[in-house]
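In the order they appear, the protein sequences are chains A and B. Using UniProt numbering, you'd call the opening residue of the first sequence number 1 and step up by one each time. Using UniProt numbering, you'd call the opening residue of the second sequence number 1 and step up by one each time.
Do not take every clue at face value.
[Claimed, not checked] Here are the simulated EDC-like cross-link-like pairs (lysine to aspartate or glutamate), alpha carbons at most 16 Å apart as the crow flies:
no.: 1; chain 1: B; residue 1: 18; chain 2: A; residue 2: 41
no.: 2; chain 1: A; residue 1: 18; chain 2: B; residue 2: 41
no.: 3; chain 1: B; residue 1: 70; chain 2: B; residue 2: 14
[As the list claims (entries may be wrong)] A short, non-exhaustive set of chain B residues, derived as facing chain A with CB atoms under 7 Å:
no.: 4; residue: 6
no.: 5; residue: 19
no.: 6; residue: 34
no.: 7; residue: 38
no.: 8; residue: 51
no.: 9; residue: 52
no.: 10; residue: 55
no.: 11; residue: 157
no.: 12; residue: 159
No wet-lab data here; the hints were simulated from the structure. Think of the CB as a built atom: it goes at the ideal place given N, C-alpha and C, for glycine as much as any other residue.
Number of protein chains: 2
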Amino acid sequence: MAESNALPLVLLAEQFAKLPGIGMKSAQRLAYYVMSMTDEDASAFAAAITNAHKSVHLCSVCQNFTDKPKCPICADPRRDHTTVCVVEDPKDIAAFERTKEYKGVYHVLHGLLSPMDNISPDKLKIKELLARIEPENVKEVIMATNPTVNGEATAIYISRLLKPLGVKVTRLAFGLPVGGVLEYADEVTLYKALENRNEI
Amino acid sequence: MAESNALPLVLLAEQFAKLPGIGMKSAQRLAYYVMSMTDEDASAFAAAITNAHKSVHLCSVCQNFTDKPKCPICADPRRDHTTVCVVEDPKDIAAFERTKEYKGVYHVLHGLLSPMDNISPDKLKIKELLARIEPENVKEVIMATNPTVNGEATAIYISRLLKPLGVKVTRLAFGLPVGGVLEYADEVTLYKALENRNEI
Numbered sequence: 001m002a003e004s005n006a007l008p009l010v011l012l013a014e015q016f017a018k019l020p021g022i023g024m025k026s027a028q029r030l031a032y033y034v035m036s037m038t039d040e041d042a043s044a045f046a047a048a049i050t051n052a053h054k055s056v057h058l059c060s061v062c063q064n065f066t067d068k069p070k071c072p073i074c075a076d077p078r079r080d081h082t083t084v085c086v087v088e089d090p091k092d093i094a095a096f097e098r099t100k101e102y103k104g105v106y107h108v109l110h111g112l113l114s115p116m117d118n119i120s121p122d123k124l125k126i127k128e129l130l131a132r133i134e135p136e137n138v139k140e141v142i143m144a145t146n147p148t149v150n151g152e153a154t155a156i157y158i159s160r161l162l163k164p165l166g167v168k169v170t171r172l173a174f175g176l177p178v179g180g181v182l183e184y185a186d187e188v189t190l191y192k193a194l195e196n197r198n199e200i
Numbered sequence: 001m002a003e004s005n006a007l008p009l010v011l012l013a014e015q016f017a018k019l020p021g022i023g024m025k026s027a028q029r030l031a032y033y034v035m036s037m038t039d040e041d042a043s044a045f046a047a048a049i050t051n052a053h054k055s056v057h058l059c060s061v062c063q064n065f066t067d068k069p070k071c072p073i074c075a076d077p078r079r080d081h082t083t084v085c086v087v088e089d090p091k092d093i094a095a096f097e098r099t100k101e102y103k104g105v106y107h108v109l110h111g112l113l114s115p116m117d118n119i120s121p122d123k124l125k126i127k128e129l130l131a132r133i134e135p136e137n138v139k140e141v142i143m144a145t146n147p148t149v150n151g152e153a154t155a156i157y158i159s160r161l162l163k164p165l166g167v168k169v170t171r172l173a174f175g176l177p178v179g180g181v182l183e184y185a186d187e188v189t190l191y192k193a194l195e196n197r198n199e200i
């Protein structure tokens, strides 16, 4: 931003530029936009940041974001608490909930194992997962990490910790995406689809 | 965002989604990112919004954003205060300043005339421009609005108000962009470049 600009405006743009996927140009545009907001709207925006950051914390059971001691899913007695779907990120829960089919509960790892980025098992919410197994009588753990190298490694690592506890550990099925076109499927996906073929 | 999410997180995402160019998906991603910030960083972000919105206002002379009574350009005695470059938006000033060649001052209209959007002359900072002419002994006004229908209309409207005051009114030159390729020039630009050709 030109040095002729007001300093608070420059500082605000720098704050926006820290957000993921927002470059300096967009950050400046957003900062200018804040200038055009009414006093009430600007205050509401600032308050929403402070409020969300203050009142939202991790669910004591599944480690998802919540503003209650337990998140609504963990607190729901109609959900099947003996089936736990393990995901990398809170965003993934929203994806499963959209299917409206899954009735179990979740566990959020808040990351994946990654030796390259120095993310070791103690940086993930793995011990919180192990601590749930016995008291909640967990029967099945579904490893729902992404089908990437780190996702696979994390799924295998955790399954090895869980199996001695007598828990059934499953992995999401890999294959052709529904509505996809064979021609555009990559070879690994096609191989997985072939390998996991079902009788019809 | 799934209804299972914490309400303050949903409200924060809604705030982000109000910003220009940020859809609901990006807004959710940004809200999740705020969760991962440290307490200090989240407070600094919220404070930057409040502070910029509170302390930044319009320069009493040129209507650019500033946190002082007069912006640094209007307050600079080395600038030529008899030449005023009229722009649509504060962002445009940064573009001119980057050329490092313009030594005059600016005037920000904060919009363009647009009958379609119900933007009439009284919604723009036109009377503030007219009020500067005599006391500041303005000799030339450069109409630097964009080469669009509304930009042209606004330039012509304002020039008609200024000419009776004995001010020289000029318009930016239109032609080929420097470094551009003839092949890709649109026909209007090419026509303007031909029309405004100079002897070499």
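Minimum Cβ distance from residue 52 (chain B) to chain A below 7 Å? Holds. Min distance 4 Å.
Does the structure keep residue 18 (chain A) and residue 41 (chain B) at a Cα separation of 16 Å or less? Roughly 10 Å separates the two Cα atoms, so the pair holds.
Would you check whether residue 157 (chain B) satisfies its interface hint, that is, whether its CB is within less than 7 Å of any CB in chain A? With a closest approach of 23 Å, the residue 157 (chain B) hint is violated.
Chain A contact restraint on residue 19 (chain B) - CB to CB distance below 7 Å: holds, 5 Å
Double-check residue 38 (chain B) for me: the hint is only fine if its C-beta lies closer than 7 Å to a C-beta in chain A. violated, 9 Å
Under the criterion of a CB-CB separation shorter than 7 Å, is residue 6 (chain B) in contact with chain A as hinted? Holds, about 4 Å.
Holds or violated: the hint that residue 55 (chain B) contacts chain A, with Cβ atoms closer than 7 Å. holds, 5 Å
Holds or violated: residue 70 (chain B) with residue 14 (chain B), Cα cutoff 16 Å? Violated: residue 70 (chain B) and residue 14 (chain B) sit about 35 Å apart, past 16 Å.
Regarding the hint that residue 51 (chain B) lies at the interface with chain A, is the smallest CB-CB distance below 7 Å? At 5 Å from the nearest chain A Cβ, residue 51 (chain B) passes the 7 Å test, so the hint holds.
Do the alpha carbons of residue 18 (chain B) and residue 41 (chain A) lie within 16 Å of each other, as the hint requires? holds, 10 Å
Was the hint right that residue 159 (chain B) lines chain A, CB cutoff 7 Å? This hint is violated: residue 159 (chain B) lies away from chain A, its Cβ roughly 26 Å from the closest one there, beyond 7 Å.
When the least beta-carbon distance from residue 34 (chain B) to chain A is tested against 7 Å, hint result: Holds. Min distance 6 Å.
This entry does not satisfy hints 3, 7, 11 and 12, going by the numbered hints stated previously.
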